[in-house]
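Asker: These protein sequence lines are chains A and B, in that order.
Be aware that the first sequence starts at 3, since it is given in our numbering, and climbs by one per residue.
Be aware that the second sequence starts at 8, since it is given in our numbering, and climbs by one per residue.
Do not take every clue at face value.
Covered stretches of chain B, going by a simulated chain A footprint (3 or more residues, C-beta under 8 Å) [unchecked claim]:
no.	segment
1	40-47
2	255-269
Computed, partial: chain B to chain A, Cβ under 10 Å [what the hints assert, rightly or not]:
no.	residue
3	Ser248
4	Val294
5	Ser450
6	Asp452
7	Gln455
8	Val458
9	Leu459
10	Ala462
11	Val465
Source of the hints: derived by calculation from the structure; they are not laboratory data.
The beta carbon of each residue, even a glycine, is placed where N, CA and C say it ideally should be.
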Amino acid sequence: MPVNPVLASFGDLAYSTALVLYLLAMVLHAVEYAAARAGAVPSQVVVAPGEGSVATLAPVATLAPPAPRRGKPERVGRSAVALTVLAALVHTSSLALRGAAIGRVPWANMYEFASAICLVAVTAWLVVLYRQRGAEPVLRRLGVFVLLPVVVLLFLGGTVLYAQAAPLIPALNSYWITIHVSAAATASGILLVSGVASVLYLVRERAGDRVADRLPSSATLDRLAYRTAVFALPIWTFAVMTGAIWAEAAWGRYWGWDPKETCSLVAWVVYAGYLHARATAGWRGSRAAWINVAGFGVMLFNLFFVNIVIAGFHSYAGI
Amino acid sequence: MDRLTRLMALARNTWRGLTSMRTALVLLFLLALAALPGALLPQYALNPERVRTYRTEHPTLAPVLDKLGFFEVFASPWFAAIYLLLFVSLVGCVVPRSAEYARQLRRAPVATPRNLARLPHHARSQSPNISVEEVITAARRRLRGWRIAEGDEPHGTRTLSAERGYLREAGNLVFHLALLGLLVCFAIGKLVGYEGQVIVLANGSQFCNSGPLAYDSFRPGLSVDGTRLGPFCLRVERFTSTYLSTGQPQEFRAAISYQGPDDLAAGAWHPQQLAVNDPLRLGGTRVYLLGNGYAPQFTVTFPDGQQRTGLVQWRPVEIATLLSEGTTKFDPPGVTDDAVRRTRQIAITGLFAPTAAFQGSLLSSGFPDLRDPAVAIDVLQGDLGNNSGRGQSIFSIDQSMVDSGRLKQVARQNLRPGEQLTLPDRTVVRFDGVTRFVSLQVSYDPAQLWVLGFAVLVLAGLALSLTVKRRRFWVRVSPAGPDGTVVELGGLARTEAAGYGEEFDRIAADLLPPGSSQPLVPAAASRKGDVM
Ligand code: HEM
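Please take these sequences and the hints and turn them into a complete structure.
Answerer: Structure follows, in structure tokens:
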């Protein structure tokens with residue numbers, strides 16, 4: 003299947019446009035964050051005392067929620083979200099165009115894969131916002147922190163990792179690429195949101211200062227981290243499993259301790275540890291959050307270091 | 008006696024410690040940590056070449072690492088110790104939990120707590136025009152599918168406790184047990200399986216799975232002695248590759264014929280296409296096309312007129328362009344005296360390029376496909392040292408023979424197919440042309456389908472245990488008060504963070520009598536601030 007260069011260049015154009023839009027949205031979120039006054043949000047939440055893992059959120063103001071005030075931060079925040087939605091649509095079209103240009107799934111090298119991860123992360127973030135319409139104002143301020151790694155990753159993708167649209171090499175030419183890599187990108191994108199939530203949780207716990215108390219409560223952050231991780235872990239499990247099935251067909255064995263395989267397993271074990279920690283007395287809270295952050299650290303390491311620095315079967319995924 | 012009790016206590020405490028969540032957690036991290044050097048450092052099992060390079064680059068550190076097993080992490084005793092401990096911990100954890108789960112399945116839900124207002128989810132209302140009995144009946148109907156127990160309290164108060172989501176625990180147990188099964192099957196596969204690599208020229212050459220010696224490298228499982236490999240033979244008829252103009256490979260395909268176990272006697276050959284991602288499966292034995300390269304062919308005409316032809320694979324050194332290096336070695340024909348023979352051996356060593364690109368006389372390759380092949384060779388004459396007892400690489404000469412002057416370079420030239428050169432003693436070396444070779448892998452692992460089965464169970468168990476919520480719901484109805492019947496509801500989930508609020512609110516909205524007085528705590532309240 004020959005490459006269609008026109009579609010491919012439109013895809014690249016959409017990619018850059020999305021990146022700029024994300025950047026703008028991030029700036030708007032930052033303005034919102036800076037303008038917001040801590041505690042000025044109706045759905046501020048507190049932790050019910052005396053609960054461990056069953057930290058429950060009890061409302062402060064339950065009877066009469068104040069009428070929504072459309073202050074300046076509110077308007078800016080709303081535009082930031084609208085811009086993010088637009089950016090995500092443009093981003094989606096960039097992947098779709100590239101897919102159409104090369105006649106295959108558009109995540110077969112690091113540039114495409116990083117782009118897919120970012121799209122999943124943004125989508126996951128928008129879904130969280132949508133489902134939390136009630137608590138939106140306070141949650142929305144996280145936007146700047148979610149978009150930051152997305153913008154950085156997309157920038158690196160568009161510059162350092164950029165790869166021309168090209169058909170697949172024989173080793174990758176299998177329907178498993180659709181299944182395995184989609185699952186891996188989905189899990190990674192959601193885990194990115196989870197990792198951001200845990201980092202902010204730690205910031206919030208450590209530095210209970212002026213900066214941090216504009217963040218949602220630590221219980222809210224903890225919950226966000228947990229729920230996203232719980233959603234992503236089976237997907238990641240599936241990704242590792244299908245990777246093994248593919249390896250059996252491509253390399254002659256389903257598991258061979260290739261650096262990529264090893265690192266994926268390590269990440270999986272760390273996330274299993276995260277869930278265990280949340281069920282272990284004395285490990286909830288900060289320690290669990292650290293584990294979640296470590297888990298995402300391993301994922302990033304697996305994406306960049308293993309692909310670029312360590313020679314293994316996966317290094318042909320190319321940069 | 009006292010000693011015995013103390014010993015028993017020690018054993019009990021050790022066991023408790025080993026099977027506690029905390030230990031499991033620590034062991035999980037140790038496992039993750041211990042696996043990392045396996046990804047970061049070169050490993051013998053994956054690439055012995057890179058271990059050797061690492062060893063020469065780190066002459067002081069490497070021997071220590073080697074002694075500690077860091078170049079074969081996944082076969083090292085400390086790695087085994089960690090996962091075995093984790094195993095014991097897992098068994099010690101899961102078995103009692105399974106028993107406890109079985110008991111729970113037969114027990115009634117927990118009685119209604121005295122003070123429902125202290126629960127994370129709570130709602131309450133009063134209504135004059137509904138009876139205690141009506142509320143309880145409605146609750147029973149609404150909570151169909153839940154495990155329910157009812158109770159009576161003084162002054163006509165009735166209670167109902169309900170619980171649901173037992174599958175969560177079942178999923179969790181299936182997950183952990185399947186994990187055990189998976190690892191056991193993995194180990195069995197390693198024990199009784201084998202892997203072998205072999206290079207076969209794609210000119211109708213034949214390979215038979217007759218034993219370890221048929222392979223270039225063979226990795227048997229511990230219980231494999233190589234006498235009973237699944238019998239089959241194959242011939243590689245042709246190898247074709249297609250490339251994009253950029254040199255990126257597009258397709259590799261080997262046309263082979265094979266004889267399965269049943270065909271060997273009958274002598275029937277089946278044609279088959281072997282491609283990357285598309286192995287040949289013969290019963291439990293699988294044959295893979297892993298790589299390919301070029302084997303240049305040379306003909307040496309000795310001064311006495313005798314000819315010898317050598318056709319040996321050369322090793323690709325640049326994967327992108329298939330620039331290859333190698334050595335083709337010859338013995339002088341008809342020489343019986345070993346001492347004489349060892350002065351007249353010949354080695355042709357150098358580079359092969361499928362698409363020659365010269366910089367001056369320096370050969371490099373511009374494209375991986377055969378467009379304009381050429382070799383840049385040194386011809387050496389003398390003693391190859393191949394009966395010195397030391398193993399020799401088929402790709403290179405023994406440099407020490409050159410250093411000691413027993414093997415001398417007698418010519419250096421670039422040749423295209425059909426071209427030849429003449430040595431000082433009138434020996435003629437001709438570059439005839441080139442043949443492609445494929446590198447095949449044969450794998451056998453009878454346990455791999457079991458591993459897959461357990462992996463599916465692992466995933467199913469995990470999904471169940473992470474999506475199902477174990478939750479409780481309580482109802483207390485009192486006929487008290489001038490304002491009528493008081494309905495109080497309470498809810499609690501084992502894993503609160505998974506979010507039970509919305510469901511609780513829906514049930515509460517259904518149960519609290521419509522048109523009753525304003526609920527003291529609005530049903531929706533317990534959801535506020537709930538993230539997601
Ligand atoms: C091979 C090592 C292990 C791995 C990879 C592993 C993995 C996991 C995972 C992914 C979960 C989350 C699923 C869930 O919440 O139901 C989990 C839960 C759990 N595991 Fe393990 N586990 C291992 C060993 C153990 C051991 C040794 C114990 C006992 C000490 C244990 C006890 C538990 C318990 C009690 C839960 C439920 C936690 C909860 O209710 O949230 N696991 N495990």
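Asker: Against this structure, judge whether each hint is valid.
Answerer: Hint check results:
1. 40-47: holds (count 5)
2. 255-269: Held - the segment 255-269 of chain B has 5 residues with a Cβ nearer than 8 Å to chain A, which meets the minimum of three.
3. Ser248: OK, holds: B/Ser248 within 10 Å of chain A, min 9 Å.
4. Val294: 9 Å, holds
5. Ser450: 4 Å, holds
6. Asp452: At 7 Å from the nearest chain A Cβ, B/Asp452 passes the 10 Å test, so the hint holds.
7. Gln455: It holds, given that the least Cβ distance between B/Gln455 and chain A is near 6 Å, below 10 Å.
8. Val458: Nearest chain A Cβ about 7 Å off; hint holds.
9. Leu459: 7 Å, holds
10. Ala462: 5 Å, holds
11. Val465: 7 Å, holds
Of the numbered hints given earlier, the model fails none.
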